[in-house]
Amino acid sequence: MRMRAWLLLFLLPACVAPARSAIDYEHKAVDTAEAVLSSVETGSLLARLSPEQAFTPFVSVGLSDAEAGAASARAVFLSLQPPDARSDGVRAELAPLLDRSDDALSRARIAARRGDLDALTGSADELSATAASLERFIARFG
Amino acid sequence: MKKFFEIFLGILTAFGGFVDIGDLVANAETGARFGMSLAWVVVIGVIGIVLFAEMSGRVAAISGRPVFDVIRERLGARVALADLVASFLINFLTLAAEIGGLALVLQLATDLNYLLWVPLAAVAVWIVIWKLSFSLMEKIFGITGLLLVVTAVALWRLDPDWGRLLSDAAHPGPPATEKWPTYLFFAVALLGAAMTPYEVFFFSSGAVEEHWTRRDLMVNRANVYLGFPLGGLLSLAIMAGAAVVLRPRGISADHLSQMALPVAVGLGKVGLAILYVGMFAAIFSAALETALSAGYTVAQYLGWQWGKYVRPREASRFHLVVLVSIVASLGLVLTTIDPIKLTEYSIVLSAAALPLTYFPILVVANDPQYVDEYVNSRPTNVVGFAYLVLLLVVSIATIPLMIWTRVGA
Numbered sequence: 001m002r003m004r005a006w007l008l009l010f011l012l013p014a015c016v017a018p019a020r021s022a023i024d025y026e027h028k029a030v031d032t033a034e035a036v037l038s039s040v041e042t043g044s045l046l047a048r049l050s051p052e053q054a055f056t057p058f059v060s061v062g063l064s065d066a067e068a069g070a071a072s073a074r075a076v077f078l079s080l081q082p083p084d085a086r087s088d089g090v091r092a093e094l095a096p097l098l099d100r101s102d103d104a105l106s107r108a109r110i111a112a113r114r115g116d117l118d119a120l121t122g123s124a125d126e127l128s129a130t131a132a133s134l135e136r137f138i139a140r141f142g
Numbered sequence: 001m002k003k004f005f006e007i008f009l010g011i012l013t014a015f016g017g018f019v020d021i022g023d024l025v026a027n028a029e030t031g032a033r034f035g036m037s038l039a040w041v042v043v044i045g046v047i048g049i050v051l052f053a054e055m056s057g058r059v060a061a062i063s064g065r066p067v068f069d070v071i072r073e074r075l076g077a078r079v080a081l082a083d084l085v086a087s088f089l090i091n092f093l094t095l096a097a098e099i100g101g102l103a104l105v106l107q108l109a110t111d112l113n114y115l116l117w118v119p120l121a122a123v124a125v126w127i128v129i130w131k132l133s134f135s136l137m138e139k140i141f142g143i144t145g146l147l148l149v150v151t152a153v154a155l156w157r158l159d160p161d162w163g164r165l166l167s168d169a170a171h172p173g174p175p176a177t178e179k180w181p182t183y184l185f186f187a188v189a190l191l192g193a194a195m196t197p198y199e200v201f202f203f204s205s206g207a208v209e210e211h212w213t214r215r216d217l218m219v220n221r222a223n224v225y226l227g228f229p230l231g232g233l234l235s236l237a238i239m240a241g242a243a244v245v246l247r248p249r250g251i252s253a254d255h256l257s258q259m260a261l262p263v264a265v266g267l268g269k270v271g272l273a274i275l276y277v278g279m280f281a282a283i284f285s286a287a288l289e290t291a292l293s294a295g296y297t298v299a300q301y302l303g304w305q306w307g308k309y310v311r312p313r314e315a316s317r318f319h320l321v322v323l324v325s326i327v328a329s330l331g332l333v334l335t336t337i338d339p340i341k342l343t344e345y346s347i348v349l350s351a352a353a354l355p356l357t358y359f360p361i362l363v364v365a366n367d368p369q370y371v372d373e374y375v376n377s378r379p380t381n382v383v384g385f386a387y388l389v390l391l392l393v394v395s396i397a398t399i400p401l402m403i404w405t406r407v408g409a
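Chains as they are written, first to last, in this note's numbering: chain H, 1 to 142; chain E, 1 to 409.
Possibly wrong hints are sitting among the right ones.
Quick list of simulated restraints, FRET-style, between CB atoms [as the list claims (entries may be wrong)]: (1) E:L320 x H:A95: 47 to 57 Å; (2) E:P400 x H:R140: 29 to 39 Å; (3) H:P51 x E:P400: 43 to 53 Å; (4) H:R136 x E:P175: 18 to 28 Å; (5) H:E52 x E:R313: 50 to 60 Å; (6) H:A68 x E:M218: 45 to 55 Å.
Calculated from the structure, these hints are not laboratory results. Just so it is clear, CB atoms sit at the ideal spot from N, CA and C, and this is done for glycine as well.
Make a model of the complete structure from these sequences and hints.
Structure (C-alpha cells):
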C-alpha cells in the first residue's frame with residue numbers, strides 16, 4: 001500500500017490535468033505554444049548552420065529531437081477537451097500552427113538526411129515564419 | 001618534482017572529472033530558462049562539495065578507511081543502512097543516467113538510435129573497470145574530460161555581453177516569465193547535480209585505492225580546493241552558453257542536441273568534435289565512478305573486501321555488485337525511459353537525500369579516533385553545520401516542489 005502511494009507521488013507530476021475552465025485551457029495552450037516554439041526555433045537554428053558549422057548527424061539528430069518534442073506537445077494539447085466555445089476558438093487558432101510546425105520540422109529533417117542544402121535553407125525560412133506566428137499567439141494569450 | 005606532478009595531475013583529473021550528465025543537463029536547462037540568475041547555486045554547490053569532499057578525503061588519508069566504512073562503525077548499523085539505501089538507489093539512477101548519456105553522445109555523433117548504443121556503453125564501462133588500474137582509469141577519463149573547456153572557449157567566441165551575464169548572475173530571482181516555485185525547483189536540481197552523493201563516496205574510496213596517507217593531505221586539498229572549483233567554472237560556462245544562444249530564442253534545453261548548440265554556433269565542427277570527446281570522457285568517467293561507488297558502498301557496509309587495489313578474485317562480491325548495478329542500469333535505460341528525464345529525476349532525488357550523505361561525514365571528520373589531530377577547524381564546522389541546515393531545508397522542500405511545479409514544467 002505504502003509502495004503504491006510512493007509510486008503515485010512520483011507519477012503524479014508527469015500527468016496532464018484536464019482543463020477545467022477557459023483560462024486554464026488558455027494557459028495550457030500557451031504552454032504548448034512555448035514548447036513547440038522551442039522545437040521550431042531549434043529547427044530553425046540547426047537548419048541555418050552551414051556544413052562547416054555542424055556535422056550532418058548532429059543536424060539530423062537535433063531536427064529529429066525537435067520534431068519529436070513538437071509532436072509530443074501537439075498530441076498532448078489536442079487530446080485536451082476544450083471546456084467551452086471560447087476555448088474552441090483558441091484550439092482552432094493553435095491547432096493549425098502546431099500542424100505547420102510539425103510539417104516544417106519533418107521537411108527540415110528529411111532535407112538534412114538527404115543532404116539537400118537548398119531544401120534545408122527553405123525549411124529554415126519556413127520555420128522562422130512559423131516561429132513568428134507562435135510568438136504572436138503567445139503574446140496574445142500569454 | 002614527482003610530488004608536484006602528482007598534485008598537478010590530481011587537480012587536472014578533479015577538474016576534468018567534475019562535470020557529468022547531471023551537470024550538463026541542469027546547467028544547460030537553467031541557462032536556457034533562467035539565464036545566469038541561478039549561477040549562485042552553482043557557487044553554493046561547489047563550496048559544499050569542496051567542503052565535504054575535503055573532509056571525506058582527510059578521513060580516508062588519516063584512518064586509511066573510506067567514509068562509509070567509518071560511518072557504520074561510528075553511527076551504527078541502522079543509520080548507516082538508511083544512508084546505504086538512499087545513496088545506493090540514487091547512485092543506481094545516476095549510473096543509469098550516465099549510461100543513457102553516453103548513448104546520447106554516440107547518437108549525436110552517428111545518428112544511430114541511442115538504444116543501440118546503450119548495451120555497448122554498459123559493456124565498455126564494465127570492461128574498463130575490470131581491465132584498467134584505478135589510477136589509469138581515473139586519469140585517462142578525467143583528463144580527457146578537460147576537453148569540455150571547449151564550452152568556455154565557445155562562450156568567448158560567441159562574444160556575449162559579459163556585463164549583462166554578470167548582472168544577471170548578481171541578481172538572483174526568477175525572470176518575469178517564470179514563477180518562484182519553478183525557480184526554486186531548478187535551484188534544487190542544480191544543487192543536487194553539484195553535490196551528488198557518489199562524488200564523496202568515490203573520492204574517499206579512491207583515496208584508499210591510491211593508498212593515501214597523512215602525507216597526501218596536500219594532494220587532497222589541491223584536488224578539492226583547485227580541481228572542483230575549476231570544474232564549477234565549466235558548469236557556469238555551460239549555463240552561460242545556454243543563456244546566450246538558447247534563451248533569447250525561447251529554446252529550452254530538453255535534448256542533448258540542444259545543449260550542444262552553443263558550441264556548434266560558437267566554434268563549428270571542430271568545437272563540436274572536441275565537445276563530443278569531452279562529453280563522452282566526462283560522462284564515461286562519471287559512469288565508472290557511479291558503478292564503482294555502488295560496489296564501494298555495499299561492500300563497505302557489509303564488511304566485504306572491496307577495491308581495485310586487490311585482485312578481482314579477492315574482492316569478488318564487490319565486483320559482483322558493480323556488475324549487477326551496471327546490468328540493472330542497462331535494463332532501466334532499455335525500457336526507453338528518456339535519459340534526460342532520468343537525469344532530472346536522479347539529480348532532484350539526490351538533493352532530497354543530501355543530508356543523509358553529508359551529516360555522517362561531518363560527524364566522522366570531528367572524531368579524533370579516526371582523524372587524530374586533523375579534526376575539523378571551528379570555521380569548517382560552522383560552515384559545515386550551516387550547509388547541513390541548508391541541505392535539510394532543501395531535502396524537505398524537494399518533493400513538494402517537484403509535485404507543485406510538475407517536475408519544473
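CB-CB spacing for E:P175 and H:R136 relative to the 18 to 28 Å hint: At 21 Å between Cβs, range holds.
Is the distance from the Cβ of E:P400 to the Cβ of H:R140 consistent with 29 to 39 Å? Roughly 33 Å apart at Cβ, these two residues keep to the hinted range, so it holds.
Outcome of range test on Cβ distance (H:A68, E:M218; 45 to 55 Å): holds, 50 Å
Could you see if the CB distance from E:L320 to H:A95 stays within 47 to 57 Å? holds, 55 Å
Given the hint of 50 to 60 Å, is the C-beta distance from H:E52 to E:R313 inside that range or not? Check passed, 53 Å falls within 50 to 60 Å.
Go ahead and decide if the range 43 to 53 Å is satisfied by the Cβ distance of H:P51 to E:P400. Taking Cβ atoms as reference, H:P51 and E:P400 lie about 49 Å apart, which means the hint holds.
When each numbered hint is compared with the structure, no violation occurs for any of them.
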